[in-house]
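Novice: Assemble the complex: chain A is given as a structure, and chain B must be docked to it using the hints.
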Amino acid sequence: MSDLALACPASPDAPADSVQAEERAWVERARKGDVQAFDAIMMRYEGRLLRFLTGLVSDVEVARELCQDTFLAAYGALPKSHGEMRLSAWLHTIALNRARSHHRARKHRIVVSLGDHDVPADGPDLQDSTAEGDAVRRVLDRLPAPYAEPLLLQITGGLSCREIAAIVGSSEGAVKVRLMRARDAFRRAYEEEVGER
Amino acid sequence: MSDVECRTVERWVQAPDELDPLEARRLDRHLDTCADCASYQAQRIEIDGLIEVYLTQAVGGISVRDTVLAQLSAAPTQQPEMSGSAPRAISRPAGQPLSWLRRRWKQRIPRIAVTSLPVAAALGIVLAFLSPAGRLGNGPQPVGAWPHLEISIGYPMTVDPHHPNHLLAGAWGQVYQSWNAGGSWKELAPLPPGLVVRDLAIDTMDSRRYVVATRHSVLLSTDAGHHWTVTASNLLGAENMFVMQHPGAPGTFYLGPSILWASRDHAATWTPAGLGTVFAPYGIQSLAFGRNGTLYTGIWGGGVAISRDGGSTWLHRSRGLPRNVLSVTVGPTGRLWAATDRGVYRSVDGGRSWARSGPATALFATAVIDRGSYQLLGGSHPLTNGLIGSDNRIYRSEDGGRHWDPVSEGLPVAPYAYGFIPDPSHVNLVYASLDVDGIFRSDDAGRHWQAINAGLPITTQEGAPDLVLFRRNGALWISNAAGADPTVLTVDETVQSAALSPDGTTAAYTTGTESGWALRVVSPGAASHTILSGDRAIPRHLFWSPDSTRIAVPSNGAVSISSVSSPEVHWSLSAREHLLGWTADARGVLVWNSGSGVVSLRDAHTGTAITHGSARYPVLPRLAPDSHHLAYISGGLLTISTWRRSEPLSRTSAPARCLLGPWSSDSNRVLLACPRGAQIRDPAGHMLIQAQAPRNARWVPGSNTDLVFFQDGSLWRWEPGHFAWQIVHRADDVQPR
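Here the protein sequences come in this chain order: A and B. Going by our numbering, -5 is the number at position 11 of the first sequence; the sequence numbering is gapless. For any residue, its number in our numbering is found by taking its place in the second sequence, counting from 1, and adding 2.
The reader is advised that the hints may include incorrect statements.
Computed footprint of chain A on chain B, listed as stretches where at least three residues anywhere in the stretch have a Cβ under 8 Å from a Cβ of chain A [unchecked claim]:
id, stretch
1, 43 to 54
2, 723 to 735
Some chain B residues close to chain A (C-beta under 8 Å, calculated; not the full set) [what the hints assert, rightly or not]:
id, residue
3, Thr58
4, Val61
5, Val70
6, Leu71
7, Gln73
8, Ala484
9, Leu661
10, Leu662
Calculated from the structure, these hints are not laboratory results. Glycine included, C-beta positions come from ideal geometry on N, C-alpha and C.
So that you can see chain A by itself, here it is in the shape it has in the complex (with noise of 0.2 Å):
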């Protein structure tokens, strides 16, 4: 899947929407240089990919450094961009291969980031954390990238099944199957993280 092949309606049949036609108006005054309407791009997504990337690589400072890069990248992109996807599959497409990029370069450097059970009894910036959001953190962590990818595309950027098959290069009913062993997965890991407690 290109990173270069961008939102532009799928037929000249498809229903009217408001919103598919706001975003097709950004797109094009953005591909002139109008950072504002970027701005307005960001606006929308900047949320759901954060929560993607924080999904995906668990780590908030890394998802941020991520989302960042898949703006820049998809601003970069978009003069020579073309094809059928929406835009928030375009952008979720970026966002997925800085991830992916993410977990490859783990093969040869080193990574130091502190456990839970490494966490000094003061220091800057604290946040405070639920147990059931660590619980749910943990086992996220736990899914297969076969599993989380699809998941998250569906609940952070409420793609289709569809587009979520064609983002990470499968079929739309492996696409279903895979979401119902992902639930599946999470639910019965979830049950023991509690239950361990």
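Specialist: Below, chain B alone, put in the same frame as chain A:
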């Protein structure tokens, strides 16, 4: 309207909004009448809600817009009028407890913001060291210790600066030496077991002084590798990746990451160099020496930093440079190069500013060298010699980096370049460490390459496919290890055992019964054909030669060697003799004698004994794919050795009722099938991971971490840190057994 099956409903509720009107009505009707499916639907909604709430809270008020806009434009933005939906607010209906989740308690736990963690860790490391208890080699575990992740480091190598044909390399925890520029290698005195060699150096002041950096320690030999002394251990916060000698101060060595250590006495003692904070967030990855003693370091997440006082203080120099730097190097003219996850960057002003160089395509650069200019005999103008390594290709430039061309001659497919090691005496001679493919050498500045692995324990992975065989209803199937496109290979209904050739192109299998069996070979898309048959005990084990051209089949007191088309030879095997596998050159086979316990090398064509090992094995050992290592379990101990050695490499305890499983294809891991799950052990016998996998677990081909196994009528895949996931529905078992 006919009712729909529950299984169909389970798929429909994954995306109910995408159903057509008829399907939607059928779904609603079913949910009204099926309590189980209605509950399943409710669970799906709650799962999605849990995830959405967590992610929404996690990202909180984080925004990237300002940073992105600052990079795109200096003009202030105006908020456009917007329509369309805001992100969907997720909330749980008040007063309704989670129906199926047992929520015991809700607790607020303080947690450091992630941005602060690496810096805090670095400070913690330094403070721990400066305390009296934090002496090198002693002291308690530091607070905020940086846990390592298992990484691969290829085959580290170094060149003797005074004897260019003299090389040292690290492989599987041992040091190897070559005196003919890699033409052949010989193992030096053994290092303590359980170590991983990360880098090596030969002292420029004394060619018999070898320095070896392992993960947390440093070993020193003063007699050219005949004896080793540990000069540093338990290095705080260290995950050593390099050891380098300062060219301008030969008594000084540097060691890192994740912080930098320095020795001023030829690697005898070590002290930390500089505070760790500069190396946040993820530590330095490489070190390079510039003019006037300047040090340059590449930091993952931190760009490049320089030091002009031997590492005591550092300044960041990263304008225009991506933050994730894997390698930094200095060319002869002082040009700086940085290999980043977004390509190669170059600086001509000492790192003050950087500009992208290298191929125009997106590039995950892992290594770069600049050898400067050289003149070809008869050439009209000087050429520059530059190489870029990436995660799947090597590039070279002859014009100072203006143009880069991919190189493939003599290289394996998709080479992952861990590093380039230039020969200091010959500008055209360069070595490359290529992941599991081993060490390669180029004599013409990177145009052509050749593998120089003779004598090194390397199992090539070229062409290693990600394929698994499994049986379904007696027939043999094949799929990739992700479960895509399962293909039936044969309609034989009595497949007994099977093995895939190392290159993944052909499957050999036995079919039939004790009264009549056949050995057949088949390739996806082609018909199977019989190459061997018999009417007595059906062979249980098939051994492909490493070059995928022949199969050795022990059966009924003989070993039959067959090509993929017909039998070739067979020779006798006594009742006490057991075939272990092929040698790496496919010319011999190894045989274990249960009476003497000795392993012998036989000529594959004639069965003639060539030589014997000196060790005795009380039980049938398992031969690793490198044809070098053996493992067995006896007396509650897992013993790992090499068949030529008299003494084992390691002996560690094995839980009761554990059975020895297969070696990984890189010969760096062995599997133990235990009642509580599978244990993954390293060659030192240490248990690395306990996998939730049953006794029939096998390695995913090409992996030393992931497993496939058969359970509950399906084929599953397990990866460390993740749940097992079903890759093939309806499988009887996984092959080979």
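Novice: If a hint holds in the structure, say so; if it does not, say that too.
Specialist: Checked hints:
no. : hint       : in the structure
1   : 43 to 54   : holds (count 7)
2   : 723 to 735 : holds (count 5)
3   : Thr58      : holds (6 Å)
4   : Val61      : holds (4 Å)
5   : Val70      : holds (5 Å)
6   : Leu71      : holds (6 Å)
7   : Gln73      : holds (6 Å)
8   : Ala484     : holds (7 Å)
9   : Leu661     : violated (27 Å)
10  : Leu662     : violated (27 Å)
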